[in-house]
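Asker: Two chains, each in its own frame: build the complex with the hints.
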Amino acid sequence: MPPVLELRGITKQFPGVLANDNVNLTLEKGEIHALLGENGAGKTTLMNILYGLYKPTKGEIFINGKKVDIHGPTDAIRQGIGMVHQHFMLVPVLTVTENVMLGEETTRGGMLNRKQVAAEIREISQKYGLHVDPDAYVKDLPVGIQQRVEIIKVLYRQANILILDEPTAVLTPQEVEELFGIIRSLVDQGVSLIFITHKLKEVLAVADRITVIRRGKTVGTATPAESTEKSLAEMMVGRAVELRVKKSEAKPGEPVLRVENLVVKDDRDSVAVAGVSFEVCAGEVVGVAGVQGNGQTELVEALTGLRHVESGTITINGNDATNVTPRQVTEMGVAHVPEDRQRDGLVLNFPIKDNMMLNTYYNTFANGMVIDQEKVQRISEEWAKAFDVRTPSINVPAGTLSGGNQQKVIVAREFSRPTRLLIASQPTRGLDVGSIEYIHSRIIEKRDQGNAVLVVSTELDEIRALSDRIAVMFEGKIVDILPANRVTKEQLGLLMAGSRPDNLGSVITEDVAAPL
Amino acid sequence: MGVSTANHPAPRAKRASQRIQLDRLIDLLLPLIAVLGALVIGAFILLLLDVNPFEAYRAMFWGAFANKNGLADTLVKATPLMLVGLGIVIAFRANVINIGAEGQLIVGALLATFLGLQFGGSLPGWVVIVLAVLGGIFMGGIWGAIPGYLKARLGVNEILSTIMMNQIAIQVGYYLLRGPMIDPAELEAGTNIPHSARLERVVDLPRFTDIAKSLGFTGTAKNLGLDGIQAEIYGLLAEPTRLHTGLIFAIIMAVLVYIFLWRTTIGYRIRAVGLNPHASRYAGISVKSYVVLSMALSGAFAGLAGAIEIVGLHHRMFEPTAVSAGYGFSGIVAALFGKLHPLGLIPSSILFGGLLVGGDKMQRAVQVPQVFVTMLLGLVVIFVVSSEIWSRRRANRRVSVDTDEEAGE
Numbered sequence: 001m002p003p004v005l006e007l008r009g010i011t012k013q014f015p016g017v018l019a020n021d022n023v024n025l026t027l028e029k030g031e032i033h034a035l036l037g038e039n040g041a042g043k044t045t046l047m048n049i050l051y052g053l054y055k056p057t058k059g060e061i062f063i064n065g066k067k068v069d070i071h072g073p074t075d076a077i078r079q080g081i082g083m084v085h086q087h088f089m090l091v092p093v094l095t096v097t098e099n100v101m102l103g104e105e106t107t108r109g110g111m112l113n114r115k116q117v118a119a120e121i122r123e124i125s126q127k128y129g130l131h132v133d134p135d136a137y138v139k140d141l142p143v144g145i146q147q148r149v150e151i152i153k154v155l156y157r158q159a160n161i162l163i164l165d166e167p168t169a170v171l172t173p174q175e176v177e178e179l180f181g182i183i184r185s186l187v188d189q190g191v192s193l194i195f196i197t198h199k200l201k202e203v204l205a206v207a208d209r210i211t212v213i214r215r216g217k218t219v220g221t222a223t224p225a226e227s228t229e230k231s232l233a234e235m236m237v238g239r240a241v242e243l244r245v246k247k248s249e250a251k252p253g254e255p256v257l258r259v260e261n262l263v264v265k266d267d268r269d270s271v272a273v274a275g276v277s278f279e280v281c282a283g284e285v286v287g288v289a290g291v292q293g294n295g296q297t298e299l300v301e302a303l304t305g306l307r308h309v310e311s312g313t314i315t316i317n318g319n320d321a322t323n324v325t326p327r328q329v330t331e332m333g334v335a336h337v338p339e340d341r342q343r344d345g346l347v348l349n350f351p352i353k354d355n356m357m358l359n360t361y362y363n364t365f366a367n368g369m370v371i372d373q374e375k376v377q378r379i380s381e382e383w384a385k386a387f388d389v390r391t392p393s394i395n396v397p398a399g400t401l402s403g404g405n406q407q408k409v410i411v412a413r414e415f416s417r418p419t420r421l422l423i424a425s426q427p428t429r430g431l432d433v434g435s436i437e438y439i440h441s442r443i444i445e446k447r448d449q450g451n452a453v454l455v456v457s458t459e460l461d462e463i464r465a466l467s468d469r470i471a472v473m474f475e476g477k478i479v480d481i482l483p484a485n486r487v488t489k490e491q492l493g494l495l496m497a498g499s500r501p502d503n504l505g506s507v508i509t510e511d512v513a514a515p516l
Numbered sequence: 517m518g519v520s521t522a523n524h525p526a527p528r529a530k531r532a533s534q535r536i537q538l539d540r541l542i543d544l545l546l547p548l549i550a551v552l553g554a555l556v557i558g559a560f561i562l563l564l565l566d567v568n569p570f571e572a573y574r575a576m577f578w579g580a581f582a583n584k585n586g587l588a589d590t591l592v593k594a595t596p597l598m599l600v601g602l603g604i605v606i607a608f609r610a611n612v613i614n615i616g617a618e619g620q621l622i623v624g625a626l627l628a629t630f631l632g633l634q635f636g637g638s639l640p641g642w643v644v645i646v647l648a649v650l651g652g653i654f655m656g657g658i659w660g661a662i663p664g665y666l667k668a669r670l671g672v673n674e675i676l677s678t679i680m681m682n683q684i685a686i687q688v689g690y691y692l693l694r695g696p697m698i699d700p701a702e703l704e705a706g707t708n709i710p711h712s713a714r715l716e717r718v719v720d721l722p723r724f725t726d727i728a729k730s731l732g733f734t735g736t737a738k739n740l741g742l743d744g745i746q747a748e749i750y751g752l753l754a755e756p757t758r759l760h761t762g763l764i765f766a767i768i769m770a771v772l773v774y775i776f777l778w779r780t781t782i783g784y785r786i787r788a789v790g791l792n793p794h795a796s797r798y799a800g801i802s803v804k805s806y807v808v809l810s811m812a813l814s815g816a817f818a819g820l821a822g823a824i825e826i827v828g829l830h831h832r833m834f835e836p837t838a839v840s841a842g843y844g845f846s847g848i849v850a851a852l853f854g855k856l857h858p859l860g861l862i863p864s865s866i867l868f869g870g871l872l873v874g875g876d877k878m879q880r881a882v883q884v885p886q887v888f889v890t891m892l893l894g895l896v897v898i899f900v901v902s903s904e905i906w907s908r909r910r911a912n913r914r915v916s917v918d919t920d921e922e923a924g925e
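Chains as they are written, first to last, in the working numbering: chain A, 1 to 516; chain B, 517 to 925.
Excised from the complex, chain B in its bound form (with noise of 0.2 Å):
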């Protein structure tokens, strides 16, 4: 490039920038065409169920954005998508898949319960809460950590074995909640339903409203005489809604990935493994370590989504499966679709947050069943990486003609 700045018109070099920032422009709308693709494929499908498309994505849309309850579960289910999707982000960047999400975000919230129920009574909440916090971290580091050895120990596909360990993770999850954790009113009643007992109160992670009312604000949006897009602002922000702090603790998270992935020699290390581990090993990168590292990061976040939703949302332990509730996929997919970068996750949890309580209210509105809202995640997943690859290559094809064609020097 600089040769061309150096030797030719400056209307070239010009020509030249522009067309960066064109490309740049259009790799920042990629993932938008990507879900307006998928959009206009779920309409025709819609179409095909004799729905009628435009009312059916009104509903989704207004019901997960235009109103405060609904924004308040859009934010609710961004909050363990956003922490999922970081971990993806570390483990993608050292260049390691981790599909294990689900199993890490179960065991982190099982080792979050227990530590709860265990000190919930004798020490203050707020302890508790970080010990809970901490316990999900560790437990879900394990369990990242444990595919991560043997891939880079023994060679072990991180896909198969992150795949098993939600199995796993799953089963060990239904035998304790059938045993040992079981809430002793399932066990008194007879009814035996797999869950533990609720949290004490004090081990609740506050909630907006929680804290809005310590600030003073108490009335209600009605009483205050506030109407449209103020009323449902303050609503979101003051009036009892299920959003919880962990939401701000999460994208305080996020930015402090970028800070780790992008100022910290360990960020440098990982980025380095990932895209070149050979000449991370020649700069004396212990590559092996990197693996292994940057997986159990990767559980170490998916084990915090798991422990916040306990202490945040469901203050009890209930059926794996409903706690991890696909998050461990679906924080793939937002992971992609924020082009793994920590902060492009904010916006792009919130909008599968979205997704998801959009279809339950599409569902409602004009009876599709709630999995149509699976499928255009899956419509999602295909185009953004379909547009990935398509903008990778087109990347590459900047990288080998500046490199094949520019007149060397």
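Pulled out of the complex, with its shape left as it was, chain A reads as follows (with noise of 0.2 Å):
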């Protein structure tokens, strides 16, 4: 019997860059088949000629044995491919239902038939375990079941092959449960399954066979019993890395940060932050950990001087920090890793040296007015080589970086300034494994050198990694605050989900919670 899908020496010449280059691959009927890259290996590019996004440069496409030409996503569709893409195409507003009849509308003598979809949904709910109510608005659902809308979205237009494209970014460690017991049933009824995806935990857990590509290239596959997570990194690096930060014991000095009873508010003007107190002292690294949208934006923009201060203070180094603007909380010495780098940390058409002088142009870069242009292009040059960014010139936007090097330098500008605090928001998101454990290892290096440390991430991976004290948030509070070393991965996810877990003694809870 063929493969449900192959994938036959798939070429892709973008101007000046060749995204893939002979790439196969071959996926079975009912088999989990993970694809695993870094970010920029070429995944997406090899999904997007699959779904018809992309036209190839060479190579074939072949469906249950047949050679099919698909040149947009209708096709695509028609052939059974059905793409759930990282960032959902739902609109809020309207019910599970809507969502899922839209762009394929059954009617009835002209109107809408909502009845017959909700039916439909209902079974292939049913059917793979999927648990969602069609008549529900998408806006109410948590982030976990609207990804599951989506997976109806394509099992609705009869997709046998299904592509998730980095699916298990924006859940809760027990989401990421649910969802693989969901993948599961897919398989089992038959449905073959991409799961495209850095994360070399969840591949091991979840796939039949592995495929890593690197560079444009298929490096190999593997089945999860003959791989390691160590065999797996070098795979997609294409070297020997480290997957856990070496760091040693904490030894905390004096507080530099003290937060007390904070409140903020979002940009809806409702409460984000709602009365959060806890310090961080030198010599330490304080992880926030919790899903996505509970507050943590909102607190590091009051850290920093970006978002206004309801009530509570902010002391930094002693000084009042509460409502100073971002200025001043630089020249109190403090670096901060903005969760959003292309956003907040960089002017993408600004050649990579005037980045480099974003925040200190003023004082370190000029004399009165006017800008050193030869200290600028010197120090520029010296942090990037100290830092890795990997460029050809200083002098080209920075908007032309992969994702990694642009985080680098916003890293070699805000590291190399002598600082107290460092506040490094999603410091590693979208980098893949080279980047992160580069960032991770210069991260706990500012903590060895005295620095005040506090790290805000979603991925619990990268919290349980850096922290010496972890800080959970749910619902604008910190649930609580726990020694790294002696709290499990299982219990940080029920706290990230609101709820206390029993097992957690009020003893930790005292004396972890004590310097507030």
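Just to be clear, a hint being listed does not mean it is correct.
What the hints assert, rightly or not - Far from chain B by the CB rule (all over 10 Å, computed), these chain A residues:
id : residue
1  : Thr11
2  : Asn24
3  : His308
4  : Arg327
5  : Asp354
6  : Glu475
Said to hold, decoys possible - Derived list of chain A stretches under chain B, where covered just means 3 residues or more per stretch with a C-beta under 8 Å from a C-beta of chain B:
id : region
7  : 342-352
8  : 358-369
Stated by the list, open to error - The following residues of chain B were derived to be distant from chain A, with all beta-carbon distances above 10 Å:
id : residue
9  : Leu791
10 : Leu895
11 : Val897
For the record, the hints were derived by calculation from the structure and aren't laboratory data. The beta carbon of each residue, even a glycine, is placed where N, CA and C say it ideally should be.
Answerer: The structure is reproduced here in structure tokens:
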């Protein structure tokens, strides 16, 4: 029996860039096939070719042994290929049924036939254990359920080859487990599935076979049984990598950042940070864990002067830092790696060197009003070298760099000046293993130099790897602050979902939260 | 890019750099292609009017560039275009759009005239010129800062508010020229034409011919035995034409604005705010203040253009819309055509000045209405803007290909 899907010798040449170079991939019926690779390795290009969004330069696609030409998503859907994108494409104000039928409306006498579609959704939902209410409004659903709506959308279009693009990026650990359950029940019913990811643990947990691509080429195919995280990471990066950050025991000193009863509102004027208190001491890393959207963004913005504080106080280095300007925060010795590097961290159209001086152009790099171009050039080159920014020149726009190198520009800028406090928000979001390893080691280095470090991340692995203490945020409050080495991933997951696990004794809570 | 140079054989890197050079060349040529496109469409319209397009265009370019008087007029018109355009460049770089240069130019001209009349007899000429120019800068700056402040503070759309400020400036101008500032001679004669008295001659900005005379070039081309191009160039520089030193001033300003935008901290902030206000805020820049500042500077340059028109060319204030003469709008076209670069403005202003002058000559030669040039300018705008969008899209595609598809590190 021929494989459900076979990609043979797919090559995609963009002007000056070979995104896919003779890539081969076979998907057997009822198989979970993980496509593993760093960001920029060419995974998404490959899937976009399969989905008809790009035309391959060379190569052939076979479905059930028959050669097919796919000219667009409509063709792909007709061939039974369904894609669940990393960013959901749902209309929040419509119901599940309405979202599912969008673009494929079933009508009766010219009117929308919601009832019939809802019935079909119930059927699909039951068959695969999705538990989705067709009448619910999408905006009321948690992210994990919204993702299932996306899955229903493609199943409703009779897809039997499912592509999931980084599906776990937005989920809590518990939701990830549930998703894996759903994936298994899908393949049990005969659906074949391509699972795109760069997370090694997930691949090992759920895949039947793993294909690794690096720099547009297939490096190899493996099974989880014969692989380890380390072996996969090495295939992905092309060299030996250190998965765990090497770090010694923290030696906390004086508190550098002290936050008391902080209340902050979000853009819609509702309370996002609801009375938070904690401190971060010199020489320790405090990690703030939580599902995206539980007030972490607003907390960091308030700490860095980007958002108004309603009440409560922020003290940095003994100075009052409540409602001060971003400039004042910087001058108090704070380095800030912002959550959204392209929005806040860089001016993408500026050359790298102009981004290197973004926070200090007026003092370090200027004599009075005149910018010292020679100094900018010299120091930027120095920093780019010290932080391994890979670029032909520091005069090219920052926007032309890969995500990892963009982040390195920010890290170079923020870590190269003398600071007492480092606030890093999602420091490695969307980065490849190599860059993550590098940035993590730099953060720990900063800690060991005596900086107080606050790391905010939705990636539990990252929080656990870096933190000495972990604060879990849920609905604007810090549910608990725990020592990193005394808490399990499961306990954190429950805390992130807002429930206090019983097995977390009161003893721990008291002795860790004591500094408050 | 570094990845490809590091990991692929040299020919690939070479090809990539060739591609980049080709792209640059195309980007540089685009404005010229835009002009050609406008001229081709204009040619069809001329055919519809039963005019031979070659003859018409010949009259136009000949009239604007091929003799000393035409060239002098072209450069005289290029001067305000350049100054207004510099302000437009600053605003665009801060990502605010100033459609109010007309009004800013008018109020600048009004205050310059007022100061010139007030001090013309009592202070030395050059002092009055400096005063008038500073007055123009100041008044235009205020006129630009108001919509800037409204935008920063209350989120008022600057396109609407600047257009409205234009109307206010025009009507204030008419009021002043019919009332307090009217030429007493008009009142005596009872004709009541709305214009001011002529400024004292000491307040006139020196013309090229004045300077040439003071340097000893008193002869004419004819009695020096020059002919052809030499005669025209000598004539342009030394014989009496309307060409005044405002042009030199404008070119110096263009260089200064270039230095200001790319070499000073304030210029850096303006460009950062324009490209990414979020990152600018993160970097400790007060985004709102720089929106106001860039609008004020933009208005100041238009006001400066107005003052220079008064002391350099008109020597009195008359009907506001005749003084501004649409420079506030054609300055935007010149700025876009100059790729929003201060130095690019120098050639683009001269070209557009030439179009304006040439249109006049064409009207006389082949009886095509002067508004044909206005239409031509409109066509150029459409072509320039769409070619801008086209080249930006190409640039974006390049960038996104590079970031998405380049093997990440």
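Asker: If a hint holds in the structure, say so; if it doesn't, say that too.
Answerer: Here is how each hint holds up against the structure:
1. Thr11: holds (13 Å)
2. Asn24: It holds; A:Asn24 is separated from chain B by about 18 Å at its closest Cβ, greater than 10 Å.
3. His308: holds (13 Å)
4. Arg327: Incorrect as stated: the minimum Cβ-Cβ distance to chain B is 3 Å, not above 10 Å.
5. Asp354: The claim is violated: A:Asp354 sits with its nearest Cβ about 7 Å from chain B, within 10 Å.
6. Glu475: holds (26 Å)
7. 342-352: It holds: at least three residues are needed, and the region 342-352 of chain A offers 8 whose Cβ sits within less than 8 Å of chain B.
8. 358-369: holds (count 6)
9. Leu791: violated (5 Å)
10. Leu895: holds (29 Å)
11. Val897: holds (24 Å)
Comparing the model with each earlier hint shows violations of hints 4, 5 and 9; every other hint is respected.
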